[in-house]
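Undergrad: Please build the complete structure, drawing on both the sequences and the hints.
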Amino acid sequence: MLLFLFNVRSLSLKIVKQKFNLYPKSISSYLSIFLSHTVADPLRTGSIMSQTRIHSGLLIEPDGGKLVELFVDESQRDLKRKEALNLPKIKLTKIDVEWVHVLSEGWASPLKGFMRESEFLQTLHFNSIRLEDGSVVNMSVPIVLAIDDSQKNQIDGSSSVALVVDGNNPIAILTDIEIYKHNKEERIARTWGTTSPGLPYVNEAITHSGNWLIGGDLKVIEPVKYHDGLDSFRLSPSELRDEFTRRNADAVFAFQLRNPVHNGHALLMTDTRRRLLEMGYKNPVLLLHPLGGYTKEDDVPLHWRMKQHEKVLEDGVLDPETTVLSIFPSPMHYAGPTEVQWHAKARINAGANFYIVGRDPAGMSHPLEKRDLYDADHGKKVLSMAPGLERLNILPFKVAAYDKTKNGMAFFEPSRPQDFIFISGTKMRTLAKTKESPPDGFMCPGGWKVLVEYYHSLDQAENGGVSEPVPA
Numbered sequence: 001m002l003l004f005l006f007n008v009r010s011l012s013l014k015i016v017k018q019k020f021n022l023y024p025k026s027i028s029s030y031l032s033i034f035l036s037h038t039v040a041d042p043l044r045t046g047s048i049m050s051q052t053r054i055h056s057g058l059l060i061e062p063d064g065g066k067l068v069e070l071f072v073d074e075s076q077r078d079l080k081r082k083e084a085l086n087l088p089k090i091k092l093t094k095i096d097v098e099w100v101h102v103l104s105e106g107w108a109s110p111l112k113g114f115m116r117e118s119e120f121l122q123t124l125h126f127n128s129i130r131l132e133d134g135s136v137v138n139m140s141v142p143i144v145l146a147i148d149d150s151q152k153n154q155i156d157g158s159s160s161v162a163l164v165v166d167g168n169n170p171i172a173i174l175t176d177i178e179i180y181k182h183n184k185e186e187r188i189a190r191t192w193g194t195t196s197p198g199l200p201y202v203n204e205a206i207t208h209s210g211n212w213l214i215g216g217d218l219k220v221i222e223p224v225k226y227h228d229g230l231d232s233f234r235l236s237p238s239e240l241r242d243e244f245t246r247r248n249a250d251a252v253f254a255f256q257l258r259n260p261v262h263n264g265h266a267l268l269m270t271d272t273r274r275r276l277l278e279m280g281y282k283n284p285v286l287l288l289h290p291l292g293g294y295t296k297e298d299d300v301p302l303h304w305r306m307k308q309h310e311k312v313l314e315d316g317v318l319d320p321e322t323t324v325l326s327i328f329p330s331p332m333h334y335a336g337p338t339e340v341q342w343h344a345k346a347r348i349n350a351g352a353n354f355y356i357v358g359r360d361p362a363g364m365s366h367p368l369e370k371r372d373l374y375d376a377d378h379g380k381k382v383l384s385m386a387p388g389l390e391r392l393n394i395l396p397f398k399v400a401a402y403d404k405t406k407n408g409m410a411f412f413e414p415s416r417p418q419d420f421i422f423i424s425g426t427k428m429r430t431l432a433k434t435k436e437s438p439p440d441g442f443m444c445p446g447g448w449k450v451l452v453e454y455y456h457s458l459d460q461a462e463n464g465g466v467s468e469p470v471p472a
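Mapping to the UniProt record's numbering: the sequence shown position 280 is 280, numbers consecutive.
For the record, the hints were derived by calculation from the structure and aren't laboratory data. One or more hints might be untrue.
As the list claims (entries may be wrong) - The calculated DSS-like cross-link candidates involving lysine-lysine, where the alpha carbons are at most 30 Å apart (straight line), are:
no., residue 1, residue 2
1, Lys152, Lys225
2, Lys94, Lys282
3, Lys181, Lys89
TA: Encoded structure:
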């Protein structure tokens, strides 16, 4: 094991090359690699994280060196709409539109559109894509557009197609297209590690999709909007970077979730900020980033989650001055260690250089057997080794539970297990459905009230009543 005593003037490039087997082009590149592998990644460094002071005035660069936004210039929009009218048309599903949204704003930078076959195969088999300059970026989830035989025949040699929604309204043009076979079984097996029936995203977006995939460069005619009262929370990577700069952030740590925030989550986030301050950062900013695309039926819907998250900020559980609440527009795959790489990579493009990862990220129960589909620890382990994520600092959470001696959430201490209660998601849902209160200190009162309202609305719907709308 090599022990590094870090001194910028005497950094041995030879040792760095030997340790990481990487050959960047400049001293600054070596320095970046050294920091990402030895300073701020507790999976690799143990106690080094708390001993080292780091100062950086710049946000992390997007993958490939720049954000790739795919919008047509505003002055060209009418022209592109007219062009689209004369092109073969592909009608998009709701999930297809979510992927157009993701691609258009640069979350998948440096991708320039739906994947062609070479990008698709690299994603499936390597979880990464090699760029023209030889560098590698992470890409673990295929971003593809499926078409059926009749659509393929309709295209009939055209080099461009129009992507349309409601009533043939064009939202984008796909140019320099390539059509290739959609081997669904291979895609499912490589992405999820199983072909068991009952995988939510597979049932929703793959099983009944076409037998062909069409890739190409995407020209988005206008930004995707949902008109659901939440568009103001859907900040693009560029807008997030501007916001972090406005707040003078010298570190950005991202926390993805698709569930309500309880005080255990808040403890993890506030403790992360404390650790970053101890490292020498002056103003770490939290990106609280709930997933806003497709989720399975039993997940709490986005508008209820956002209402709950807002209450958490209003009640001061998280500091609004150091927290940016925004929506991540990606659909959810529930593909465990494969998908968590995508979640982490996208946050790099939004300016995050730290990523908080917990137990079984992006996981789910096995669709047929009574067990988790993925090992609970594999997600954080994979993130520490994933190709193309070397620049991102992975922050695995400690386990939080309800501490009866403190009447609040605290980090679990194995030396006194009798003092802790683990409140599962199932238990939380049961309490909310029956309008019971959780132990004091488990969740802020305003946030808990939102959950009770949500489950009450489900009961009303099941009993034929009409639930009250949620204020936008």
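Undergrad: Now tell me, hint by hint, if it's right for this structure.
TA: Evaluated hints:
Our distance criterion of 30 Å between C-alpha atoms is met by lysine 152 and lysine 225, whose separation comes to about 28 Å. Proximity of lysine 94 to lysine 282 is assessed by CA-CA distance (about 42 Å); at most 30 Å being required, the pair is judged violated. The suggested pairing of lysine 181 with lysine 89 holds, with an alpha-carbon distance near 19 Å, which does not exceed 30 Å.
Comparing the model with each numbered hint stated earlier shows that hint 2 is the single one that does not hold.
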